[in-house]
Amino acid sequence: MMFHAALLALLLQVSPVAKATVGGVVLNASTGEPIANVRVSLARTDMPIGPFGQMLAAMSAETTISKDALATMRRQAEAQSQDGNNDSRVAAQAEMFKAVPVSDIFEVILSPSSGVAVVPSTSPPVMTDSAGRFVFIDVVPASYRLVFSGSGFAKAQYGQRSAAGSGVAFNLAPNQTKTDIVMRLSPMGAISGRIRDLSGDPAVGVPVEIVRFTFDETGRKQLQSVARALTDDHGDYRMFYLTAGRYYLTAGHPEGLGQSDNTGRGLGDPLRESAYFSPNASRRIYALTYYPGVLDASRAGVIDVPPGTDLQGADMVVEPQQSYRVRGRVLDSTAQPPQRVEITMGVQSDDLALTASSRFGRSVNYNPADGTFEIQKVSNGTYTISAFDLGPPVARPDFSQLSAEERARYFESSMGVERTNPRAVETVKVTNRDVEGLVLTLEKSGSISGRFRVESANRPEAAQFGTMRLQLKGPGTGGRVFSPGIEPEFVVVSAAAGSFRIDNVLPGEYRLVVQGLPSGFYIKDARFGDADVLNGSMVVSKSDTRALDIVLSSNVATLSGEVRDASGNLAAGIPVVLIPVGKHDRAELFRPANSDIDGRFTITSIALGEYTLTAWESLDPYAYFDPEFIAKAESIAKPIPVGETTNSTVNITAIPATAR
Amino acid sequence: MTHEKAINCAVIWFVLFSSVTSVKLLSLLPFVALVLLARQNLAQPQTSRATLEGTIIRLTASLPQPIPKVRVTLIRRLEGAPRPANSDSSSGLSATTNNYGKFAFPNVEPGFYDVKVQAEGYIGPGSSVELESGDVIKDMSIEMKPVANVSGRVLDLEAQPLVNVPVQLLKSSYDRNGQHSYESAGIAMTNDRGEFRLYWVTPGRYYLLAGRPTAGFNPMEALISASFGRRSAAGNDVPPVLGYAFYPGVTDFADAKVLDLQPGSDLHVDLPLKPSPRTFTIRAKVIDSRTGKPPARASASIRTETPGDDSSAALSSIPRNIYSTTTGQVEFQGILPGNYMINVVVDDPVQPGGVLNSQAIATIPVTVSSADVEGLVLSVAPPLTITGRLRIEGELPSHSKLDAFQVRLLPVGVSSAVLQYAQMRFYTPDGFVNADGTFRVENVFPGDYRVYVSLGPARLQYEGIFIKFARYEATDVLMNPMHVEANSSGQLDISVTAGGGKITGTVIDARSQAVAGASVVLVPERLRFRTDLYQILTANEKGAFSIQDIAPGDYRLFSWESIEENDWFDPDLLARSESKGVLVHVTELSTENTSVRIIPAGAQ
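Note that the protein sequences, when read in sequence, are chains X and Z. Each residue of the first sequence is one higher than the one before, starting from 0 at the first, in numbering that gives the first Met the number 0. Each residue of the second sequence is one higher than the one before, starting from 0 at the first, in numbering that gives the first Met the number 0.
Be aware that a few hints might be false.
[Said to hold, decoys possible] Within a straight-line C-alpha distance of at most 30 angstroms, the following computed DSSO-like cross-link-like pairs (lysine-lysine) qualify:
no. : chain 1 : residue 1 : chain 2 : residue 2
1   : Z       : K467      : X       : K66
2   : X       : K523      : X       : K428
3   : X       : K376      : Z       : K501
4   : Z       : K137      : Z       : K501
5   : Z       : K273      : X       : K66
6   : Z       : K284      : Z       : K256
7   : X       : K97       : Z       : K292
8   : Z       : K501      : Z       : K467
9   : X       : K97       : Z       : K284
Please keep in mind that the hints were generated in silico from the structure rather than gathered at the bench.
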C-alpha cells in the first residue's frame, strides 16, 4: 500500500496532474448587480517558499509583492553577498532568496489576518467579464484563497466576514470543478468636511483621521488608523475608498505630538510624506478633537459609513492645543547628579505608530550641576520618561579609517554599553498643568533567570523553546516602553533544559506575556519566587534574585464541531472563540478558530477549565478581547467545561452580524 | 550734517514730494504717520529703548490694503553678520497686526533687526531696521503679496478620474555649483474624484506635473508606492498609474508650458493623462575598455532626465537589470519615451580592508522615442590618476605652504543627479600637494571637470589665493572645462597667486539712498561658468560692502532686492538684469570703489 502511494506520487510528478477548475460571479453587495473588471487572484496557501515566507508572515503587513519585486530583492541580496561581504546575515539573506522559486510565482499576497499566500505563475489573476464572471482553468490541485480587487469596491477575500477578517481557504481536488462561487463586494465610501478654528476661519493643514479600535494578540486595545488627510486652505478634507463600517473621526494633533518642533514637519508627524502642506503655511497645533466636536474620547460619536456612501459635511471646530512643561531631577544610585545623561520622553498611546515615533525630536534641557531637567511644550497625555547614564565621554573613532567590520564592531560594543548603563523609567501623566519635582533615580538593570518545567509526559522539542517569546510588559496605559535597550530581552540559555534569562530588567511592576507557545501546550503556572505572576502582576525589586518558574502542560483538550448560520446552513469562514470563564485577562487562554469551507472548526491546545463557546457571523481579529463583546457572549451562551484530554464535538449557531 | 541726518532729511523730502505726486495713494494710507518716517531722535539717555510701529500692506496692482493677523517678529542681527537664511522666529519679539494691519513694539532694545512677517495666504521677505536708543518709528510699512493656488483634476483619456496621482509644481533652481535642476514646490495627491489642490504657492513661474516620470518600471518602487497609496486610500487597492503628464497634457518636457502664477491667482487646471502608456526596452552590452570584453561583474542603473523624479531618485538608481557575465548584456524594461542616463559600475574584487578599489564606470545618455533601443554599447573605463605640479607666483601669506594646498576636480557637464551619484560613490577626486609642488589626483573617471584649488581639505573656495592659469593637455582649463578621456595622459599644470583685487562700495536705491542689509552678488562678466568666481555677501546696516580676493578680470556687480539662493547662476535672470549691474574691472591688488543700485523685486 505504501509502495503504491509512492508510485502514484511519482507518476503524478511525471505525467500531467489532473487539473481543477474554479470560477464564479462577483456581485455588488448593495445592489446585487454583477461587477465587471474585478481582478481575481487565486492564491495558494500551501506553496513552500522557505524562510522568506516565514519572514513575511512575521511582518504582519498588508501588501502584494510582484514577481519583479521578488526578483529584484533576490538580485540585490545576491549582489550584496557577492560583494565579498563576509557578514553572515548577508549570506543568510541571499540563501533565503535563493530558496524562493521566483519563476513559479506571479505574486505574493500578504495580509495580517491570513498570512502569506502565493499566486502561482501557472494561474495568474483574471478579470471578471461584463457579467461579473471569472474562471480559472487548469489549476494545480492544492489549497487556495481567492482575493478580489475591483475599482470602487473594498478589497476582499472569499469567505471574508468582516473588514479586517480573514477569508476561507479551500482545497481543490484533481479534476474538481467548482464554479458556483458567489462573491459580494461592498462599494467603498467617502467622507468629507470642513475644519474651522475658534474664530470661524478655516483651520489649514490640520490632520484629520479616520480611526477604529482594535485589539492585539495580547488583548490590549489599540487605536488603528484607517485613513488620513490634511485640510487645505479652505479647511476642507476628503477621505475616500473607505470600507463600509463604523469608525471614529478625529481632527487635530494627537496628544504628545506636534509640539516637538516649530514647523511641524519633522519626525513624529505621520502625515509628512503623503499629504500636501504649503511651504508658506505655518503649522498650528490643535487639540485632538473627536467628531462631533469633543475632546474626550469616551464621548466620541460613531460614524457609520454605509457601503458606497459619500458622507459630506462632517465639519468640526478645533481649538489650539495647550502645552505644559515637565521638570525634575536625575540622581544616580549615590544620590548624585550624573554628568552625562540622556533623557527621552515618549507618549504612551493606544496608537502604536504614535508611540514609536514620538520618542524623537523633543529637546530636553539638563543641568549636570544639580541634576535638574526641563522638557517644554508637552501636551496633555501619559508619557514614559526615561533617563539613561551615558557614562564618561568616549572619543569617537575616525570612521573613514575603519573597515566595515570594525565599524560594525564599534557600534555593537557601544550598544552593549547602552544596555548595561544605569537607567530610570517613570510614567508621567500631564493633565492641564505643569509637572514639577519628578525624581528619576538611575539604577542598573538586573537579570532574571528562569526555567520552563513540563508537567506531562510529552515534552516540547528543544528547538521549540527558541520560538517562544517571553515579555515583561511595563506599567502605564499602553505599557509600551520605547527606549533603546530598555525592553527586557529574553535569552534562551539552554533549550534542552528549558532554562532562560531575561536581561535589562529594572525594578518595577510588570505583566508577564508569553507568546509562541508550542502547539499542544498551555501554561499551567508561572511563579516568581512564591508570587503567582500568571494571574497577578510581577513586581521586581532591586537586585531581585528570585527565579521565574513557568510550568507547561500538554494535558490539553481539543474541541471540534460545525457552525450553522441563522437559517440552519453550514457556514464557512465563521470565527469561533472559546472565552475562559472568569479569566478575561489571561489572553493566552482565549482560543479562536475559523470554520472551514465545509462549516467545520477545530480548536486545539485548550487548557482545562470552563469556557464560553461563541460563533459570530462577523468579527474582527482579536475583537473577542473587547469587554463589551465578552459580556454579550457570556449573556448569550452557557459555559461549558473542557475536561482533560477530551476531544469533544459541539455544534453551534453563529450569532448574526446584526446582533452586536 | 552727519551722513545719517542727510539721509533722514532726504527721506522727509522724498515723502513730501511723493505725497504731492500720489495723493490717491496717500489718502488711503496712514499718511500722517508717513511724514514722521524720519527718526525722532529725542534727547533721551543712551540706555533708553526704542519703539517700532507700522502697517502690513497687501501689494496689489490696484489698491493697497492692510492685512490683519500678520505675525511680525523682530530678530536681532549682529552687526555685519549676514541675514540668517533660516532664522528661527521663535527666538525674537513678536506681535500680531490688528484689523487695520497695524503692529506695535513699544519697548525694543536698540540694535539692528530683521523684521520677519508671516500671514496665512500671504508672503513677503520682511524688512530690516536699525533702532537706536530712544528711536520712535511709527510708520514702518511692509508689503506682502498674496500667494497663488492651483487646483484641478487629473483624468484619463476617457475623462475618468485618476486616483492617488502625485501632482506637483516644479521650479527652476540652481545649486551652489551652478548646476541646474527643477525643484518640487510640494506634492498633492489626487483624491477619488481625481481632484488636487496646491494652495498658498509662492507666485512665480512653474511647470505642473502629474504622475511620476520614473526611469521605467521599478518593481521595488511600485511596491513602496503601492503601500503609500494604500495608506491614503483606507487600506484598499488603488489602480496604479504609470504614466505622467506636464501641463497642458504633454509627456515631452520640451513641450511643457510654464504656468506664470501671479499673486492672488486661483488657477483651475484639468490634466489629461494616459495611465498605462506604451513602454519600451533598452538592451545594451557592457564592455570593459581595458579588455574589450564584458567585465566579470557589473551593475547598471538608469535615471530619467525628465524633471520631477524627486523623492524616488534614489530608488530609480537601484541597479535592477540582470547582468549576464558571458554576454555582458543588460536590459531595462518598462521604459517610457524620454531622455535617460545609464550608469554602469564595474566592481573589481574587494581589496583587503573592505575598500572597493579600481572600479570602472560609464555614464551614457540614451533617448527613447517610439521603439526599443537595441545594440547600445556601454564601454566602461577605469579611473585615471592625474599628476601635475602647482606653482606659486609672487608672495603668498606665510601660512600657505605648498603642502597645505589641495587640488580638487569637480565634475561638470553632466546632470546634477549624475554628479550626485558620482559624489556619493567616489567623492570628488582630489589630492594633496607635496612640498615640492607635485600632486596626484586619483580616481578620476573620464568626463569633464572644473579645477579648484583650496587651502586645506575643508574649503572649496580659496581665500585670497586664486588660480592664475591651469593647463591640461595644452588646453586652458580655466577658460574651458578639463576634458579627461580614458587614454588621457597629460599633466595638469596650475599656477596660483595671491594679490587679488578688492571692491568696496554701497548699495543704493532709486533715490540714491543707502539700503541696509541688501545682498550683493559679484558675477564674472565673461566666465559665467566659473562658479568659483562668484561672490555673494550682504551689505551692512549702512549699506556698505567690501569684497576681497577677487581674481583679476571683468565683473558685474548686482544687488537684487529679492532673489532666491543661487538664482544668480540663471542665465535668463542675468540677461534681464545685465543693464542694471555695474561693470567693474579688477586688476591685481587694485581697490575699486563703486555704488550699486538695488534692483527692485518687481523689476526683475
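Outcome of the hint check:
no.	hint	result
1	Z/K467 with X/K66	violated, 59 angstroms
2	X/K523 with X/K428	violated, 36 angstroms
3	X/K376 with Z/K501	violated, 49 angstroms
4	Z/K137 with Z/K501	violated, 39 angstroms
5	Z/K273 with X/K66	holds, 24 angstroms
6	Z/K284 with Z/K256	violated, 37 angstroms
7	X/K97 with Z/K292	holds, 29 angstroms
8	Z/K501 with Z/K467	holds, 16 angstroms
9	X/K97 with Z/K284	holds, 26 angstroms
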